[in-house]
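Two independent chains are provided; combine them into the complex using the hints.
Listed below are the residues making up each chain.
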Amino acid sequence: MAEIKLENLSYFHGKDTPYEIKALDTINLTIPSGMITGLIGHTGSGKSTLVQMLNGILRPHEGRVLLDGQDIWEKQKNIRSVRFRVGLVMQYPEYQLFEETVYKDIAFGPKNMGLGEEEIRVRVEESVRFAGLSPELLQKSPFDLSGGEKRRAAIAGIIAMRPDVLVLDEPAAGLDPRGREAIFSNLVKYHEESGNTVVIVSHSMEDMARYCDNLIVMNEGKIVMQGDRDYVFSRSNQLTEVGLDIPQVTKLMLILKEQGIDVDGGIYTVDQALERILSIYRKSL
Amino acid sequence: MKSIAFGQFYPANSPLHKLDPRIKVILTVLYIVCSFLCKNLLSFALLALSAILLILCGRVPIRIVLRGLRPVLIILAFTALLNIFWTKGEQLLFAWKFIEIYAEGLYAAVFMMVRIATLIIGTGMLLTYTTTPIALTDALEDLLSPLKKLKVPVHEFAMMMTIALRFIPLLSEETEKIMTAQKARGADFSSGGLIQRAKALIPILIPLFVSAFNRAGDLATAMECRCYHGGEGRTRMHVRHVRLVDFIPLLLVLLLGASLIFLNVLGIGFSMK
Numbered sequence: 039m040a041e042i043k044l045e046n047l048s049y050f051h052g053k054d055t056p057y058e059i060k061a062l063d064t065i066n067l068t069i070p071s072g073m074i075t076g077l078i079g080h081t082g083s084g085k086s087t088l089v090q091m092l093n094g095i096l097r098p099h100e101g102r103v104l105l106d107g108q109d110i111w112e113k114q115k116n117i118r119s120v121r122f123r124v125g126l127v128m129q130y131p132e133y134q135l136f137e138e139t140v141y142k143d144i145a146f147g148p149k150n151m152g153l154g155e156e157e158i159r160v161r162v163e164e165s166v167r168f169a170g171l172s173p174e175l176l177q178k179s180p181f182d183l184s185g186g187e188k189r190r191a192a193i194a195g196i197i198a199m200r201p202d203v204l205v206l207d208e209p210a211a212g213l214d215p216r217g218r219e220a221i222f223s224n225l226v227k228y229h230e231e232s233g234n235t236v237v238i239v240s241h242s243m244e245d246m247a248r249y250c251d252n253l254i255v256m257n258e259g260k261i262v263m264q265g266d267r268d269y270v271f272s273r274s275n276q277l278t279e280v281g282l283d284i285p286q287v288t289k290l291m292l293i294l295k296e297q298g299i300d301v302d303g304g305i306y307t308v309d310q311a312l313e314r315i316l317s318i319y320r321k322s323l
Numbered sequence: 005m006k007s008i009a010f011g012q013f014y015p016a017n018s019p020l021h022k023l024d025p026r027i028k029v030i031l032t033v034l035y036i037v038c039s040f041l042c043k044n045l046l047s048f049a050l051l052a053l054s055a056i057l058l059i060l061c062g063r064v065p066i067r068i069v070l071r072g073l074r075p076v077l078i079i080l081a082f083t084a085l086l087n088i089f090w091t092k093g094e095q096l097l098f099a100w101k102f103i104e105i106y107a108e109g110l111y112a113a114v115f116m117m118v119r120i121a122t123l124i125i126g127t128g129m130l131l132t133y134t135t136t137p138i139a140l141t142d143a144l145e146d147l148l149s150p151l152k153k154l155k156v157p158v159h160e161f162a163m164m165m166t167i168a169l170r171f172i173p174l175l176s177e178e179t180e181k182i183m184t185a186q187k188a189r190g191a192d193f194s195s196g197g198l199i200q201r202a203k204a205l206i207p208i209l210i211p212l213f214v215s216a217f218n219r220a221g222d223l224a225t226a227m228e229c230r231c232y233h234g235g236e237g238r239t240r241m242h243v244r245h246v247r248l249v250d251f252i253p254l255l256l257v258l259l260l261g262a263s264l265i266f267l268n269v270l271g272i273g274f275s276m277k
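If you read the sequences in order, they're chains A and B.
The opening position of the first sequence corresponds to residue 39 in the working numbering, with each subsequent residue numbered one higher.
The opening position of the second sequence corresponds to residue 5 in the working numbering, with each subsequent residue numbered one higher.
Think of the hints as simulated: they come from the structure by calculation, not from any bench.
Heads up, a few of these hints could be off.
Among chain B residues calculated to face chain A with C-beta under 7 Å, some are [claimed, not checked]: (1) L131; (2) T184; (3) R189; (4) P207.
Please read these numbers as outputs of a predicted model, since none were measured by experiment.
Positions of the beta carbon are idealized from the N, C-alpha and C atoms, including for glycine.
Next up, chain B with everything else stripped away, as it sits in the complex (with noise of 0.2 Å):
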């Protein structure tokens, strides 16, 4: 249960973990679009070289995020399988019986597992590694503000996903202790059949749905006792002011894309259609 890491936000003290985490959401969006407009070599290459900048601006150990890799390496290696295979192209480098693999299909593979790489090391590193969840929500109400003109409730959708984070690390402990405890009593959870070890698991999820709507009551109750009610006249506690500075990376990731399709025009090297 402890391996479950969620929202892995790691502590440091970094350019990217003081970056205005509004200005993080954008810069993720563009980062994005950018890991899209690659089409050759060369562009590939920088944004690969964009991403281990990024990993070195945010001060998080190489380790950690390569363990962030990993739940999408079958993904990965997938992708890169089905590239080499059933790209067709012109230069055939090896075929026997009905296999063929052509030049193209090796480049397309490199780049697709570069993309999808840089595109989970670009996000973690803008976003999960340097922003803590309870900054990213407040940052998504800021951001999806101008919907409440359509009365949209943005408040409370960002109050409800803050809760719900906090309400994470408390269930899974919470789970924890209730299996422990019923292990205790000569519970199984990890013999027999399908429909068995489905059954075993009532034991745990009662007790944790009565405990969390247990929880969940007391804490409404905790609200209103302070009077809680709602977004209208609400203010924050830490307000954050864009300041001039933080444009820079906005215009770094801009400058980014543009060489990116100054390279693709260039052409040089090997380029995806």
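Bound-form chain A, shown alone (with noise of 0.2 Å):
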């Protein structure tokens, strides 16, 4: 179990020069470990650069960045095991696929590590199959595969570092339904069988309400909330005023509520609202 925290962390893009934006604004933040979090916010507020503090990619300018209560810039020669601890799956990840064959790009990041053949056979078959990646493919060069096995692919080659915290920044961007649904699930059942901390970064409300326990609100650099769904989602005056919204469903909901009808607004996703729709219905028959 490994525990992230970040403490008054700063971060500029073009520092000292005029074009200084600040992209990160005295950021406070505990990461559960050993839970997903969702980490919602607009575009532009600074979710992609606070990924890349967690594994030390990006240098906070201010602030401190804590793994397991240890500065992570303490010793700068260590970073490298900071990123196997934190295994960063960045936005298209599928562009950053470069051997002959799936098998040895999946077998990049262990090799990295210095690991023995068979542990690396081994974690690569392990991790092919948390992403849900079909193993015959693994002799195929990843330039043959369709878009949605080359972002699994991907994955799979940061889950073969086996790192304690997983983060994952729009993991779904640009897939159809079907794509989106697999990647999510396999993530779901990866983080139940590993126990390990999984980080979403996503502007989906729909995704995260429906599989991240924790969610972190962000806009303009700032955290503007943390909390379970249901204190998030029961915030909705606050998300709309930071340019996001709650689910469709749980609107509706809201709607039928106010109508009189008997269903509460803690229902974030459709399968959620057909069964409590179905269930006053078959009552009022």
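Have a look at this one:
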């Protein structure tokens, strides 16, 4: 279990130039371990910058990043080991694939960790399963895969490092509904089996509502809200203010409630809503 | 990666920015000729003055102009040293063992530095700082268009240049993204020997080439969808017309050249051979 804590963290884009922008503004945050945490925010709210702080890709200009209470920048030489412990899947990760075969590509991370052949083989097979990729693809060239398969191969490449924390920046961006569903359900399965912390960045409230236990809302480089789904989605006014919205189905439930129908606000997925409405319908028969 | 400032165009509202780019290309050539006309103290002083006037006309902050000189600092220092120590003359200033420094050497060093600096400032102020890369390629296409009679594909070359210029920021952004992604997988670009470092570039170069070819293919399709078929019969959205005032700078540069020659002939002060 690894806990990530951010203390008074600030970061500027284009530091010391006339175009300096404060991308992150004194962020204080604890990412609870062993949960799926969703990081939501409008485009440009600083979420991608924030996740690049978590594994030491970017170095904060002010403040500290603590991994299990240890400042990750204290020993700068050890920053690579932080990157193995906090695995970051970047946006559109399929562009990072480069090896001759999918197997070799997934093995790139473990190889950089200096692991032996046998250990690498075990990890590649395990991560392929977690990412929901069929093992026959391992000997293919990554450039022959479909878009969704490439995405999953890239995610497997990070999972193969067996990170304590898995961070994914918009893992389902640009995929069709079936592809989205496949990515997220595999992530949930990975989370349940490994018990590892997962952080998902997205701006889709529907996906976040469905898969995340804990939500962090960002706006203009600041944390606006943090808490479980019920807490966050019960503040729909505040969400609208920062250009976000509650899931459509939750909105529908609220309207129904106003009409005097006995549904509660804590419904975030179509399945939940269906169940609730059906049970009311059956009662009324 | 972000520090690679390509096409250092500096947006401002100045007479030089407004000047027709074709005139600016011709001016640049003439200005380079001018800087080689200088022979003595007075003419070099006038040349330096003209460079300062150019900076003022272009309204580019002096800090940015000086930053543009930074890459040639080593060359400047090197030419200065060569000239100081290797020029033989009549007026010996300093001698110690085999090192002999002549007054002529010192003059030559200063002159060469002024010449190189004004060359950089002049071309920078006339072209790179005040002209967008796109306007520049358009201008080159216009100026080279007589070559079309000799079946030289001028338009195609200009189009290739425009596209290449457009791709540079895209590719540098992409490189940065890929580097970050590979760093997240523990890639290490900054340690190890030469061969190891070269090998570390493979995980960057391959995805970069793949996406560059994909982009090029997409662009070609998009151009064909809009019926692009080369330069023949193609017209411009913005047609530039040379105005009478655009000739004034040309006259000024010719005047500068003439005065430089005049000052050379006057031969006041030290003069280079």
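Now the hints, each set against the structure:
no.	hint	in the structure
1	L131	23 Å, violated
2	T184	5 Å, holds
3	R189	4 Å, holds
4	P207	5 Å, holds
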